[in-house]
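Throw the hints in and build the complete structure from the sequences for me.
Residue numbers (our numbering), protein chains in the order written: chain B, 1257 to 1657; chain L, 1257 to 1657.
One or more hints might be untrue.
If chains are identical, the list can't say which one is meant, so a pair holds when it fits in one copy or spans any two.
As the list claims (entries may be wrong) - Quick list of in silico lysine-lysine cross-link-like pairs, DSS-like style, CA-CA up to 30 Å:
id : residue 1 : residue 2
1  : 1611      : 1419
2  : 1297      : 1503
3  : 1419      : 1651
4  : 1651      : 1611
5  : 1297      : 1611
No lab work stands behind these hints: they were computed from the structure.
There are 2 protein chains.
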Amino acid sequence: MGLTFRLLAVREGARAGVLSTPHGDIPTPALLVVGTKATVKALGPDDLERAGVPGLLCNTYHLWLRPGPDLIASLGGLHRFMGWSGPIMTDSGGFQVFSLGWGLEHGVGKIGFFPGEREPPGSGAKRRERLARVDEEGVTFTSHLDGSRLRLTPELSIAIQQKLGADIILALDECTSPFHDYAYTRVALERTHRWALRCLEARASSQALYGIVQGGYFPDLRIRAARFIASLPFDGYAIGGSLGRSKEDMGRVLEWTCPLLPEDRPRHLLGIGEPDDLFEAVARGIDTFDCVAPTRWARNGALLISPEAGGRRENRFRLSILRSAWAADDSPPDPYCSCYTCRRFSRAYLRHLFKEEELLAYRLASLHNVHFICSLMSEIRESILSGSFLELKRKWLGSEA
Amino acid sequence: MGLTFRLLAVREGARAGVLSTPHGDIPTPALLVVGTKATVKALGPDDLERAGVPGLLCNTYHLWLRPGPDLIASLGGLHRFMGWSGPIMTDSGGFQVFSLGWGLEHGVGKIGFFPGEREPPGSGAKRRERLARVDEEGVTFTSHLDGSRLRLTPELSIAIQQKLGADIILALDECTSPFHDYAYTRVALERTHRWALRCLEARASSQALYGIVQGGYFPDLRIRAARFIASLPFDGYAIGGSLGRSKEDMGRVLEWTCPLLPEDRPRHLLGIGEPDDLFEAVARGIDTFDCVAPTRWARNGALLISPEAGGRRENRFRLSILRSAWAADDSPPDPYCSCYTCRRFSRAYLRHLFKEEELLAYRLASLHNVHFICSLMSEIRESILSGSFLELKRKWLGSEA
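And the structure:
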């Protein structure tokens, strides 16, 4: 298999290492930037290289539907197709398919609920026709694009990901929502474990395959899942599914699971990427992350700022570039940031671009946020290596950190 | 004044030279890329530098309304505001204001007509409240943004352009439409000439000021305008207004006017930028151009291609990247183009981005078209210097060229 992981330092639970893939090394801890449809929204590969992006996560669900894995394979695979020569991870497609089912909003909308699920409190959502139905064999769902009925199985997910050709692929799991009860989460977990074995069986390439630890916010299920998935010969381990209902809950889920995972294999936390969460998860032994937040925020004009520039937990380390306070502000978004946007443009100019809905707004803001979050990960890594991680964490999160 | 023009060669009517501005040299002939609201749509200054863009034209009308010339001046002027260190020209604002009036569609919509004007044949446009009214002093119009009444005079146009701080500014002229008759066009022309004198009088900066030759598609008015404007101490001369109703008409307007302009001053043709028009206008002695077409086409998925790649007059040197024929095409938009887009991405990938309406589509397509048209201008320049202009023109336009 094409993946090696070298642990360089473990300090106060935080790990620094190097994850080597056929498309280059990822110094860890690191965040993989999300490029859902074979592009990071608003950014080119040139921008990503300049921002120091160590790797990408692309979404199998979207690429399966359009333009299709056979097309991408015929054009030499995802790296060549999208002009990105660095490491790529693909997810299994499960998250999108199941979120169609349990209806939480993750870019595909709030659509329906599984049997046995409680309605989210105060959501006011009406029950609609269910778009995804799971059985032992796989999951049947309705395409959000054209309404056609499709079926995803562990074997098919692996086959699609093989055609896409990412360096790291993920096993198909059933991703449950925070509103699933214990009984349903356990049933889903057991099925996920049978699927994990089928994914390992189906693998026919040298791509690295990660298993996924599910179990919702139920300690015994999380522990059972971590023990079982860790016992299988995966190349790495991802933690997925519901991490509870608060940032504190996330920390607990990691405390239940991370200690049970093999120390010499990489650990990925799916879908997390806010600065404070990154610190908390690294402190509990996570090596890699992926998250749409930095780019999604950017397109809404929310720019990341460091503690030196006024970033705090309370403002989520962000400023809104649309505020009228910046109308004539000649300073960059973050005067301590060295990205192209901050070196060349003022808050006033960026605000103007956003007000005018100019396309350049989205690129410059995304470039900043991506550079910012990748720099933060580098800084975290350096602090682990030099033994000052807790100090850096306190600088960002305050004295209670 | 900060502008010098050095003519290096005149061959078969085509001129090659160097236009030196306080922000660098423009090797001519050259096309200035349009950056209406202090940004070239979808491209950053880094992209423009990489594409070899020699200079920009920004629109005074839009920047006057938002974010306002005082704001831009307080932030150090247009160059610093938008992070572009090369030459900039601003127009007078007149074109937008008058097109609000005569209602031809130039990005501000079909809105109304002047008194005395015939309705465009078959336009089916209804008369609406006129949005612009001209008198001797200036023009009163309704803002397209908030409906407020505004007034633009020659003195105000110069004052606004001075605050914006471009290297080259334009005199305020009354821009008539192809549907204005001779009598009205003559009245407007005489007023434009009085405004030209007022603009020269109002100039209080070292910015270069160009006069504008109007006169519609009426030979005697064009000749009269060229003689009068050429007699004034402008730093350069622009040809504006209606150039008739066909590409052949444009050639005739240039043949009436260019020979009357001082040979040692730069000549700018406003709003023209299709490859065949560029050849025809250069052949008649034009030095610089500006045009939204390359970037507007790009955002619609129309990519420029060279004769080697199948570009011809009949397809307007363009291919539509949305065609299903390119779905699995691994070749770049133009295999003979050296731009970043063509070096790194396939037609199949670009088509995918356009189909998914990904923001990167607009950047990569704009980067290609801008690089393409600037390379074409360089090639034209080299051909003039080496004495092979007619040969190059024939290669692009065919034997009738």
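Provide an ascending list of the numbers of those earlier hints which the structure does not satisfy.
-> Going through the list in order, the structure violates hints 3, 4 and respects the others.
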